[in-house]
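Got chain A; can you put chain B on it based on the hints?
Protein chains in written order, with numbering that gives the first Met the number 0: chain A, 0 to 272; chain B, 0 to 183.
Hints are computed from structural coordinates only; laboratory data are not their basis. No residue lacks a Cβ here, since even glycine has one placed at the ideal position from N, Cα and C. Each hint should be verified, as a subset may be incorrect.
Said to hold, decoys possible - Covered stretches of chain A, as calculated for chain B (at least 3 residues, CB under 8 Å):
(1) 2-11
(2) 53-66
(3) 71-78
(4) 182-192
Claimed, not checked - If the Cβ cut is set under 7 Å, some of the chain A residues that face chain B in the computed set are:
(5) V15
(6) G17
(7) L18
(8) E49
(9) A211
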Amino acid sequence: MNTQEYISSGIVESYVLGLATDQERAEFERMCAAHSDVRAARDAFEISLERESLANTVAPPNHLRSKILSEIEIEKEKNRGNILANQGIKDDQEGVGKAPVVKLRGGGRYLAAASIILLVASTALNFYFFNQYKSVTAKYEDEVAKSAAYAQNERDYLNTIQRLSDPAMAIIKMAGDSVPSSPAPSSIATIYWDTRTKDVFLLVNKMPEPSADMQYQLWAIVDGVPVDAGVFDMAKGIVTMKNIPRAQAFAITLEKRGGSPTPKGQMYVLGKV
Amino acid sequence: MDKHLGTTITYNEQELVSLLKNRDNRAFAYLYDNYSGALYGIILQILDNMELSNDVLQEVFINIWRKIESYDPSKGRLYTWMLNIARNASIDTLRSRSFQNSQKNQSFPENVDGLSAGTSIPNIDHIGLKKMLEKLKSEQRVLIDLAYFKGYTHEEIADIEGIPLGTVKTRIRTALQQLRNILK
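This is chain B alone, in the form it adopts within the complex:
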C-alpha cells in the first residue's frame, strides 16, 4: 500500500478527522478513496438500484463534509459514523416517493432479457454484512434484513411478519449476538 514511490500518504484516524475538520481537500479525497467502496456497497445493498445509489453516495459524502464538525470520536469510529449516515440516507431514499415510483417502472417488462441498458448491478448479495447474514438462521436473517436493510422498527416488523413484538425483539437480539461471533 505505502510503497508507491512515497506518493501515497496514509493517515491514522485521529489525523484524518482533524484534517477533515479543518476542511482539508486532500484528506477528503483520501477519505473518498478509502471508504467510498465500502459505503457504496451498503447503499447498493439497501437500494438495489445503481442510478439512485450514485446519487445517494454523492449526498452521503457531501453530508460527511458538512457534518464532520458534529462527529464525536468518543461515541465510535469514523467508519461507523459514516456507515450510519450512508444507511440512513439510503433508507430515506428507499421510503421516498421517487423510489416507490421507480420501482413501479421497473416492474414493467421492458428488460425481460435481464440486461437493462447500461445498469448492470454488481452482485452484492455476497459481500459485507449480507455475507455475514448468510450464516444466520433464515428466520433471524429475515428480521435483520427488515430492520437493517429496510429500516423498519420492531413494531413494524411484528406487523409485517405477523409475529408477536416480544418474539421479534428476542430473535433480533439473538441474531445480533451471533453476528458478533461470526465477525470474530
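Isolated chain A (complex conformation):
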C-alpha cells in the first residue's frame, strides 16, 4: 500500500477521532514519523475538525467557569503541600472514632467551650503557619531552580564561545544588501561553519521579526541548488542548524512556519563562502 492509499483508507479520521485500535494507532504513529504526507493529512483533518467544532459550540452554564477555575487553584495548592497535607489527614483520622462521648455539667461545659475555642484558634494558627511555610518553601525551590538554570546557561554560553573562537570555524557574513530584492536590505546574519565536523551555527545579528505563521529558513547553496539547512525562530542567540558537508553560499528566506522543501518565499540575506 502506498502512502496515498493509506491516507485515504479512513485511518487518519479513525486515529484522530479516537476510534483506532492500539495496533492501528501504533502503526499510524510510525507512518506519521516516517512520511510527511501522512502527517500533513492528519494535521489537515485535525484542523478542519477543530474549526468545525469551534464554529458550533454550546456555552456551558456560567457558574461552571469559576467552579472549575477555583478547583484548579485547589489542585495547585494540593500539589505544593501534598506530603504535609497527607500527614495531617492521617493524624486527624486516627483521632476520630477514639474520642469517647462524655456528658458535661456546670463548669465543665465552660471549660469544654473554652477548649474548643482554643482548638479552633490553634487550628487557624496552624493553617496560617502552614501556608507561610508552604510559600517560603515554594520561593526557595524557585530560587534553587533559577540558579541551576543560570549556571547551565553560563556553561552553555562558555562552550559556545569556545567553539566559535576555534580557528577551524569559518565565519560567513550574510547581508541583506547582497540581495537586490531583499525586503529588509539592512538585515545581517552570521554563519559559523565548522570546517572539520561541518556543523552549522547561525547568529541573527539583525532581521525583522516574522509574523507568527512564518519562519525563516536557512539554505545552503550547493552547485547552484538550494539545500534545506533548517528553520529557526528569532531571539534564541546562536542556533544549531543542519549539518552541511559542502556549499558555496548560504541564504535565508522567509517561509510558512515549518519551512518548505524548496525556497518559495523572498530571500532576505545572502553570503558567499
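Structure of chain B alone, referenced to chain A:
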C-alpha cells in the same frame, strides 16, 4: 477578537501548551474560555443530560490540568487531545451505573409536558460532528453514532446490529473517508 482595548491575549498553540505545562492559571482560563464550548458540545451530544454533562466538563478540565505533562504535540493537536479526553470521560459516564439509573428515572412520566424543571437541553443534534453525520447515509450514520457517540467496539456493533463484523468495518471505514470530504 483582539481589539478589546488590548486586554485580550491570544496565544499560539505552542505558547499555550508550554504555559499550561508551567501551571499558568491565566493560560488555563484562556483554554477554558476558548475550548469549553466545543468540549461541552461533544459531552452533551454523548450524554444528552445537562447535569451530568456539567460534572463531566469539570472532570475533563481538571484532567487536562493534571495530565498536560503527558500531552505530546508530535501525536496531534491540543484540541484533538482534549476532545479525546472529553469523549472518553463522557463514554465512561454513559456506561456507569449512576447514568443507567438516571436514565431509568427519566423514563418515569414526570415531565410529560416536555419541560422538566430547569433542565432545558440546547438543541445539540445540529452542531459539530453530529451535523456532519447528517450528510452520511443512514446505515453509515447509525454505525458512526454507535462507535463514536456510544463508544462501542466493532464487535459489539456487529452484535447490536446483527450484521457481520466485516460489514461493520467496511461501512465505518467508508463513512470515515466521506467524513473527511465533508469536512474539506
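(Q) Taking 8 Å as the Cβ threshold, is the statement that the region 71-78 of chain A is covered by chain B upheld or broken by the three-residue rule? (A) It holds: at least three residues are needed, and the region 71-78 of chain A offers 4 whose Cβ sits within less than 8 Å of chain B.
Q. Can the hint on A:G17 be confirmed by a CB-to-CB distance to chain B that is less than 7 Å?
A. 4 Å, holds
Q. Is the interface hint for A:E49 satisfied, with its Cβ closer than 7 Å to some Cβ of chain B?
A. OK, holds: A:E49 within 7 Å of chain B, min 4 Å.
Q. Within the assertion that chain B covers the region 53-66 of chain A, do at least three residues meet a Cβ-to-Cβ distance smaller than 8 Å?
A. holds (count 10)
**Q.** Interface hint status, A:A211 versus chain B (Cβ within 7 Å)
**A.** 6 Å, holds
Q) Checking C-beta pairs, does the region 2-11 of chain A have three or more residues closer than 8 Å to chain B? A) holds (count 4)
Q) Quick check: the region 182-192 of chain A, covered by chain B? Criterion 3+ residues, Cβ under 8 Å. A) violated (count 0)
Q) Quick one, is the A:V15 hint okay against chain B at 7 Å, beta carbons? A) Check passed: Cβ of A:V15 comes within 6 Å of chain B, closer than 7 Å.
Q.
Can you verify the interface hint for A:L18: is its Cβ closer than 7 Å to any Cβ in chain B?
A. It holds, given that the least Cβ distance between A:L18 and chain B is near 6 Å, below 7 Å.
Violated hints amount to a single one, hint 4; each of the other numbered hints is respected by the structure.
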